[in-house]
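A.B. asks: What follows is the residue order along each chain.
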Amino acid sequence: MLRKIFPHPYLTILLIIIWMLLVNQLKLGSFIFAIFLATIIPIFTAPYWPDRPILRNPMAMLGYLAVVIYDIIKSNFIVAGIVLFKPNSQLKTAWVTVPLDLRTPEAITVLAGTITMTPGTVTADMSGCGRALLVHCLHAPDPDAVRDEIKTRYEARLMRIFE
Amino acid sequence: MDQIFEILIAGLLIAAGIFGIVGSFGLIKLPETMTRLHAPTKASTLGVGGVLVASMIYFFVFEGKLSWHELLITLFIFLTAPITANFIAKAYMHRNLTPKDMPESNTARGWATYEDEAETQEPLMTKPKRP
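Chain order of the listed sequences is L and D. First residue of the first sequence: 0, per numbering that gives the first Met the number 0; consecutive thereafter. First residue of the second sequence: 0, per numbering that gives the first Met the number 0; consecutive thereafter.
No wet-lab data here; the hints were simulated from the structure. Here the structure is a predicted model, which is why all the values come from computation and not from measurement. Any given hint could turn out to be false.
Not close to chain D: a few residues of chain L, all C-beta gaps over 12 Å, as computed [stated by the list, open to error]:
hint: 1; residue: 31
hint: 2; residue: 32
hint: 3; residue: 34
hint: 4; residue: 35
hint: 5; residue: 40
hint: 6; residue: 44
hint: 7; residue: 59
hint: 8; residue: 62
hint: 9; residue: 66
hint: 10; residue: 80
hint: 11; residue: 96
hint: 12; residue: 141
hint: 13; residue: 144
hint: 14; residue: 148
hint: 15; residue: 155
Calculated pairs, DSSO-like style, for lysine-lysine (alpha carbon to alpha carbon, straight line, at most 27 Å) [unchecked claim]:
hint: 16; chain 1: L; residue 1: 91; chain 2: D; residue 2: 64
hint: 17; chain 1: D; residue 1: 89; chain 2: L; residue 2: 26
hint: 18; chain 1: D; residue 1: 28; chain 2: L; residue 2: 73
hint: 19; chain 1: L; residue 1: 73; chain 2: L; residue 2: 150
hint: 20; chain 1: D; residue 1: 64; chain 2: L; residue 2: 150
hint: 21; chain 1: D; residue 1: 28; chain 2: L; residue 2: 150
hint: 22; chain 1: L; residue 1: 73; chain 2: L; residue 2: 85
hint: 23; chain 1: D; residue 1: 28; chain 2: L; residue 2: 26
Glycine included, every Cβ here is placed at the ideal spot set by N, Cα and C.
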């Protein structure tokens with residue numbers, strides 16, 4: 000019964016939060032309207048989302064977020080330094096293959112997004128079977144180190160959250 | 000007291016402006032499309048972030064109310080920036096590179112961008128559970 004009214008509980012919570020942020024005020028009226036919208040939108044869009052991710056450890060998300068934000072700030076300084084002070088001839092760009100242990104599409108999406116947002120790396124492609132990511136590095140004297148860092152720093156954490 | 004916050008906000012805005020300029024400069028200076036992708040996706044994140052934090056502090060200190068729109072803007076940037084970068088990278092690979100320029104994927108199949116459409120099949124991922 001509860002499943003019928005809230006086919007996607009996480010989506011409902013997310014919609015309430017986003018609506019409240021959009022309204023920018025803590026008012027009872029907008030909260031009720033937020034609940035109304037967050038109830039009917041998942042019901043009408045449920046046919047498009049037959050499956051859903053399982054979050055095994057939602058609290059670990061916060062730790063992951065902290066690590067990523069720290070890395071984004073760090074990467075900004077590193078990339079700014081490379082842009083300003085490194086001549087183009089000294090840039091060592093590299094393509095790196097990152098084999099994946101993650102198997103759920105949501106986890107792989109989060110990992111790919113994280114790689115793009117952090118130090119000098121952009122996710123360019125995925126292998127057809129979904130078992131490896133192709134990553135482009137702006138400046139990587141040691142491509143293997145980049146791969147190992149992605150695997151230990153991000154993928155291991157995501158494994159704990161999603162799988 | 001107010002002056003401390005004014006200096007803090009001004010400092011944040013200046014730092015954000017510097018990162019914005021560096022990001023745009025990287026777009027001119029770096030040699031080719033793939034490397035150019037790095038400058039705007041990174042250096043400008045902190046540029047935008049600095050402006051947003053400054054705006055939140057300003058509204059909290061001088062207008063006396065918490066403003067949450069900035070958090071939403073951050074969220075949407077984090078959602079859209081990686082996808083844009085991925086699409087540009089894929090388009091570039093398609094037009095200018097061949098599978099020979101790429102490292103091996105070391106898996107059963109090659110990179111998705113170069114796969115023949117006729118043999119397209121589902122990736123081998125675990126399906127999320129149905130409720």
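A.B. asks: Mind listing which of the numbered hints don't hold for this structure, in increasing order?
C.D. replies: 10, 11, 16, 17, 20, 21 and 23
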